[in-house]
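Those protein sequences? They're chains R and P, same order as listed. Each residue of the first sequence is one higher than the one before, counting from 1 in the numbering used here. Each residue of the second sequence is one higher than the one before, counting from 1 in the numbering used here.
Hints are computed from structural coordinates only; laboratory data are not their basis. No incorrect hints appear here.
Derived DSS-like pairs (lysine-lysine); straight-line CA-CA distance at most 27 Å:
(1) P/K12 x R/K211
(2) P/K368 x P/K432
(3) R/K211 x P/K83
(4) P/K120 x R/K211
Per the computed footprint, the stretches of chain P lying under chain R, defined by three or more beta-carbons under 8 Å from a beta-carbon of chain R, are:
(5) 95-102
(6) 111-124
Using N, Cα and C, we set each Cβ at its ideal position, and we do this for glycine too.
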Amino acid sequence: MNASTSLPLKGAPVKAPGLNRARLLRSALPGGSLTVLLITIFIMQPRAMSYMGMNLMLNLAVPIALATIAQMLIITVNDLDLSMGSFISFVACVAATLLNQHPLLGCLVLLGCIAVYALLGALIHLRNLPSIVVTLGMSFIWMGGAVLLLPAPGGSAPQWLQSLVRIKTPFLPFAIIVCVVLAIAVHVFLMRSTLGVVLRGAGGNPLAIAKAGWSLLRIKVTMYALAGTFGVFSGLFLVGLTTSADASIALRYTLLSIAGVILGGGEFVGGRVSPTGAVLGALTLVLAGSLLSFMRVSPDWQIGAQGAILILVLALRTSVNRLEARPT
Amino acid sequence: MTTLQRALVTFKGAGKSFGAVRALCDVDLSVRAGECLGLIGHNGAGKSTLMQVLAGTLAADCGVLLLGDEDVRASYGVQVARKHGIRCVFQELSLCPNLSVAENTRLMSPAIRGWGWRRKARALIEASLDEIFPGHDIQADDIVAELPIGKRQMVEIARAFVRVDERLDLVILDEPTSSLDSRVARQLLEFVRRFVGSGGGIVLISHILGEMLDTCDRITVMRDGRVVETRAATDFSHASLVECMGSAAKEITEQQAFVSRRSSGNPVVAQRPARQANAHTVDAHRGEIVGLAGLAGHGQSQLLIQVLRQRIASGQGAALVAGDRQSDGVFALWSIAENITISSLGQLKRGAWIDPDAELAMAQEWQKRMGIRTPDMANPILSLSGGNQQKALFARALASHSDLILMDDPMRGVDVGTKREVYSIITQEAAKGRTFIWYTTELEELDYCDHIYVFRDGQAVLDLPRSQLSEEQILRCSFEEQMA
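Isolated chain P, as found in the complex (with noise of 0.2 Å):
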């Protein structure tokens, strides 16, 4: 049956890499019409990236893009794109929340012009909600800031389905019911079979597998940037998925003798996560390193927040590693030893002024510890590749006294290089006597942890000693669903 079907958009050998990392690599990949396609994997797989390059918003490095049989990556773009009939939900939001909903679905429709626009825009919007949610309840006047975020999400798909004169043949899902309930996603499911029923094709991309399974023709699994299996969803279980989204030859490490520290004394930390149903808690006891993972944004970022807050409050103080180095983590205008020292203040005192040579003396001797990569201490911080960016963060870190230390997913966008020469120091420190709360998206990262907590909705769902943890453990836990 599969040779009836057109190719709507054909990958081949598609590649990109961001600095070092290399988010996609050598993808082979077809979306045909009249089908919906699962994409699935683990974070940083490359699942946003493939379809941001599909969708014209990021454009890949090598490889050939085809549209039907036409070759665009030359000039490939958004317009072009939309031109082509290929729209995307991103699973950010992309509305303008000062906007109504109608003034937002004109945003995307430039053909929905001249006199009387509003009206127009109004009964496409409300039509295509209709259509797609029926019992939606939005009204196209609504203001998208008044809006809650599971009805922001349904005015985003409905938008990409309104249609004035031009083609939609193809229309990427990105985790479309990651904020809607139950009810509304059986929805739209139904509506995307419906879709596909009526000759238009569908990426979707999905962690929750029993929906891929049953709205799916066929699914990809994708994994650190190829594509590792792309089969009927038929001939795939709950099992043989999540076997396929693990590493299958995974290098066996030498496996340390694992001792744990847990048969003595009172834990570190003790703290229950905010949406946590049952009684269980996170602990931390002295020394340990203790793994947060599971998808991203199920709930760890929260509960280090938690941890601090609970320990500032308590004056026990602790240091955060902050993922995201430009938001929260560097102060941009300061020198790279004012960045490291600013946590340390305390110790650097001489009287009610800071010693300069104290100062300069720890941002030396962490230059060393660290290997920070640089003439002078003194240079500006964004002098520093994000790499060393994300060391001078650590040391800053483990240059001040707290005996806690909280992760937030620090490694990302960091090369391997540095990571091992972090991970050395982690374990070294820890071995000291400091604690480590770790919440990191990077499954080999986990094997550097005496105990992991695996995330979801909010909750820890699983607690495993370093010497149980096995990668597909961890990937079923994450996976599985809320009802099944």
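So here's chain R without its partners, still in its complex pose (with noise of 0.2 Å):
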């Protein structure tokens, strides 16, 4: 018996090297992107090459990275939020109201939310709703509230708050240092840590799941209380920085967050998700725009011009996925 060990399997060449490279490529193509992207505006403005031109690039990055790691956590239990910008808007209207005047009553609401999302995360499983019309519901409560606690711009936020994010490290901004240490975080949580198995397998085969004998609801609503707790960091940073709120702040933020987790390499369906790719999808699609204003394209087409750098992005990845169905 042993000396057949030798033989191939049939049907089953050794390993093919094709199927590590393709691995390979679409791992390295959410950052490969980021640095053609970055590259590309260092040539045409040198002067953004420095730590003030980083800073004002990135400052902004990090609600939209935040969103994305809060997108990312449903998605990757296989749902979708819609209701994320609004929810972040709600935040940062509370942040620049309640959370000044009466912090303690603030940051009762800021953990209620908490608590709302994981609720929804229960609702969702145990009805077996489609996230996505549950979520585009909230979406309209969220802004909502948003709209009662500021019907105009304004408010203030909390100057504790405004200092947190503008602390100035030295070398590096401090944008990129969050970026840096959220996924790195998350990665070793989420892809690392046996918790973060049992996560992502609900997403890739809930049924093996439960059959394992793990909870499916405790599963979901822990990924929507997370989900949650990265909104709101999201907002009370968006807030930080823009110093006052309004009601529609952070609207766009729901389709950012999803493009986002998309160009990072994540998918719709099955588990498959990169926290680093998320947070480099967010500032690529943040430098996107810096890029596009240093063109000179106007900002009636610069939505459009964002739209095209994502399909550009995602046709190199469905190209590397083909390369790896290839050799089955």
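Two chains, two frames, some hints: make the complex.
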């Protein structure tokens, strides 16, 4: 019997080197597109290659990166959150009003927001509802809450929050450090820990997870509560930067966060996500906006041009996936 | 010798029903330490249901389940089963495709934890793979989705034998060799003997008779949810196993004079199955009911799809009655009437618009003909019971003008009364000149067919006219081995 071990299995050739290359290529794609974008910006505007320049360009990237991570956690369990933008707007409004005037009440409201997210996860799982519909409905509720708090743009962020997001760190701008820490922390939690394995498995094959004796309800609640937490962080960071808020301050974050996850190599279903990719994807989206400004593209065209960049990156990924599928 | 062996698991009078279908009925069975028990039977005999009850993923309706001497039925579940050292490799794969082999190992073994859990999991699964499948060529960091199906099955099996300070008494292998090639399958069976030799218990479910006879100590034959025979494997032969699986006391149905329609004319359909090695085709003549038999998943559905594609491509069309109602059959949000008329919109048009009166008339006509039990055809389709939903799907196919109707095991989970009604309508329609191709997993339905093709490994291996139909022959043909 042992003699036959040297025979290769029928129909199963030794691992094709192309397969690994394709996998490598796919995980390098988010980083690669960001690098290309940065180099283009530096060539067009060498002054951007400074502490100040980077800080200016990337400051607003942090809340988007946080929102993208929140969205990614939801996508991990095969759901989609269409209320992310209005939720973050609501959080920003709470921070600019309640948190400043009645800190304790403000904190309670923010904790309540996270609890609502956890409940949403439970509701979606127990009633087997489509997350898109539930979160679409919630987006109007958050929006209504935000308008009630701040009917007109205004308010003011607490001083401590403003100074927190403006910390001047040596060598590297604060925004970059936050992004790196965020990516590493979420990567360690979701990709390396045993809990993360179960959470991602629930996206890959929920039945198998249930058969192995894990509670899908607890998994969904955990994921939604975490997403709510990152959403709160995003809103706080945003209002710290802008110092005042308005009810529609972050509406575009919904689509930006979804685009960021997908740009970063995530898939809508199947639990295939990448935290580092998601952060890189968010940065890419922000820098694409800056690049277009440097190119003097009129703001009327910017959204369309941003879409074109998105399509380009996704087309690249599709061709990489094709490469991967070929060996079989 | 049997008295010396400890019984690991004992079922007494176990029963389980799904609606009107009795999947298990009064099952007595025990598995002993240090033996490999074979479980065999035709489709729907209740093997998988019984094993799911044992693994804790389904609860039995009645009866006693003893683990050792302890009755555990009250609070049984996956975790309890695992605690008692019982594990199951299910027929459908239960790996998470987005995770690596090592991560999938961790999902099953909560004991792998703490710093360096990844390294531990890697070492454990690799050791298990090395032991069962030497020369397997699987890395613990491979993502499962990137492995071919056979290797996924190997991972799944190896994972069930990973042990970290836990009991491992009994492993259920539900058709483990179905996607393994013969060399790897032999490695597995040799490992089963070694595992049994060291005092463990194995329940092996397989459709390959030789495998069962060579590997098992005892073989239990199940039929229609009951255990019909348990003997030492050495007391069985290929022939006696097949004989046991067929229903012994089959009532003699009134044999109508069988008149073959094949003497004249060209067949409506002559399709060679995609994996057929020789030039045989599956033929269907006008007015014929052609049955596709054999074990589930041996290429019958693929043949139906092939025929459907070919008919659509040539513009002739065909109606398909889906077996999996929920995923291929009903439009869940539509009314019963809309579900029936969707295939016949061409007949119901007035100009460019759908004529609501004609639509209603057609729906009501078919309600009467099929006996769909509902006060109003405008009710949503999901307000019907499963059997009545299936009747609506039949009505959809029959109401259309296509003269070829393909049926993909449509009677799954349908009660007996409904079945009878539908059978008679099928016979009537065939007499009017419509052609039916009917894949069925229920042997008695073949009595309605004029010609029966038995499928194995994607090929039609036997062509029987009704006059020569015998259950035994179909069983023998379905279970025959690839390389005897």
